[in-house]
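Given only the sequences and the hints, what does the whole structure look like? Please build it.
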Amino acid sequence: MNNIRELSKDESSGMTIIVKTISRLVLSFILLFGFYIILYGHITPGGGFAGGVILSISYVLLMLAFGSKVALAKLSNFWASMLDNLGALAFIVIGFLGLTGGYFMTNFIWHGHPGQLISAGIIPLCNIAIAIKVSAALYAIFIGLSIYGRIVTEEEK
Amino acid sequence: MNHILPLLVGIPLGMSVINLILSKASKRISDVIAPLAVLAVAVLSFYLLGTETTAYWMGGWYPPFGITLLYDGLTSLLLIVVNTVAFLAIFYSISYMEKYTSKPKFYSLFLLMLAGMNGVVITGDLFNMFVFLEIASIASYALVGFGVEHEELEASFKYLILGSFASTMILLGIALTYAMTGTVNMADAATMLQSIPASKTMAFAAGAFIMGFALKSGLVPFHAWLPDAHPSAPAPVSAMLSGVLIKAIGVYAMLRVIFNVLGPTAINLNIMVVLGALSMAVGGFLALGQNDMKRMLAYSSISQIGYIVMAFGLGTHLGFIAGLFHLFNHAAFKSLLFLSSGAIEHATGTKDLRRLGGLSGKLPVTTTTTIAGALSISGVPPFNGFFSKLLIIIACVSAGRWFLAALAATISVVTLIYFFKMMRFSLFGELPAKLQKIREVPFPMAFSLIALSVICLAVGIAYFVGPTFSELFLEPGANVLLDGLKNNAANYISSVLGG
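From first to last, the protein sequence lines stand for chains A and B. The first sequence runs 1 to 157 under our numbering. The second sequence runs 158 to 656 under our numbering.
For the record, the hints were derived by calculation from the structure and aren't laboratory data. Owing to the predicted nature of the structure, the values given are computational and were not obtained by experimental measurement. Built from N, CA and C at the ideal position, the CB exists for glycine as well. Each hint should be verified, as a subset may be incorrect.
What the hints assert, rightly or not - Chain B regions said to be covered by chain A (calculated; three or more residues, Cβ under 8 angstroms): (1) 170-182; (2) 207-220.
Stated by the list, open to error - Calculated lysine-lysine pairs in the DSSO-like style (CA-CA distance at most 30 angstroms, straight line): (3) B:K184 with A:K74; (4) B:K519 with B:K315; (5) B:K181 with A:K69; (6) B:K181 with A:K74; (7) B:K262 with A:K74; (8) B:K260 with A:K69; (9) B:K184 with A:K69; (10) A:K74 with B:K260; (11) A:K9 with A:K69; (12) B:K262 with A:K69.
Here you go:
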């Protein structure tokens, strides 16, 4: 954690102090809004995909404002790829667990009362799995776009 | 209710993810789990053979509200073709893919493509079909560009653009069908469409569907991507693309939509005949002039897909049998030929016919299998290609289409000519000085080559000997198409909606 704090103070990487200060303020709200969209996905508009995109945006903003070192220290490309796979795996496992209710993808958990946060059986769980998958995948794509470069040949130099 | 049906998609989809997670610990694990996953799916598809028509309601949601999976005669044939070829291709790639850097990613993409194809084959829902079609297509775009060299990326990009256009057209067709019927369940949409009068909207939707699927299956004049994409991919992927992908997400999906949803009207069938005959002729003549071995095979795929689609378009029982038989055979010999050309490329480092020659002395196994594949596709008895081409010609004659019969016979001779050219320039003649030190391919590659050659020969003999092969594999599929042609798909609709 200390390392991240030092890295974020490094003025040579990332954008200006104005962008950094504002980003520091709004980042946690973006993250929180993402969690809200995911967890309330089954009762309000939104869901796993939309929430996951918002979550990944907070990391993208971190990378844009503070540079890739800070963002990668928070969540490395290894873990982005890992979470991407684990999210997808979680979704498939939920589908297979549905077989206990009779069919693949059956909503086998207690459904609760419509409109309440704890309701709708497996749907919130699916939303969370999708959100993990989507957020990690979009962040990994952004890492791919930013840290890989074209090899410049001798002639072009 | 048959719980195996969702597993056909679930196993490859799940294993593609598990494979990536485990490969972070050890790269060797992928070599074991990916082929085992495909083997499991292949065994399941053989296990299902002979089961009666069943529908599976995902999550217990009954049609038309939920997604329905359906297993019938046509599905059973396609599942066996797709999964058998997939297993042999992935077993082959254990040693072939050594020269590429990230093998686990290859396996995962391969498994995703397989999941998509199996999904397209078993689904009974239009939109679900589109989703699986996109899974298979997107995985194949990545696989075509897997070598990340200039040529491969260019081919992949071209394939991506044209493939996305095809997908958009298919989505447009689905949207119009949904607008007219209010449902995306295939059987329910078919019932609705039979009760409303024919409209221009549905004619346009039919056009969009046919164009999209024709682009996916590489029919002339929508074939521009195929001769670039298929040769650029690694050999096992070429074998999958040419052998099964263009059939599963092109021809099969077209058949399902035309025969089970839109209804096989005279116009739809005639479009299939014209597209098929055109591809057959143009693909055949373009293949003659190629010097790149895999490019020649790609043009040959266009030509052979033309045979298949033309046979289906005849709209007779014999035509359906002939089309399904040729579809089955083409999957076997075209994947065999692509894998053989990959073996030659693996051993010699080139696929340019002008730089090859005299390989028969150095590569006995590859030579034998290449000859087996070439004789099968050219229609030399007792190989399987002879019987299916003969059936197609007989079907044309019995349908009174003499011109098509003559064209099919002529193109069959053209096929023989260009495969003789390929064998003459690669296997026989003088061995170039550079290629004196080449060695035979390793066991996994040789195993797949021999297995496919045996299939080519055994299927030909099995068809000749008795009716068992035809009754087991071809008749159930032809009956599904016949039900769509004669019976307004009544059996299909009742088996989906009735559960």
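Please name the hints from earlier in the document that this structure breaks, with their numbers sorted from lowest to highest. The structure breaks only hint 4.
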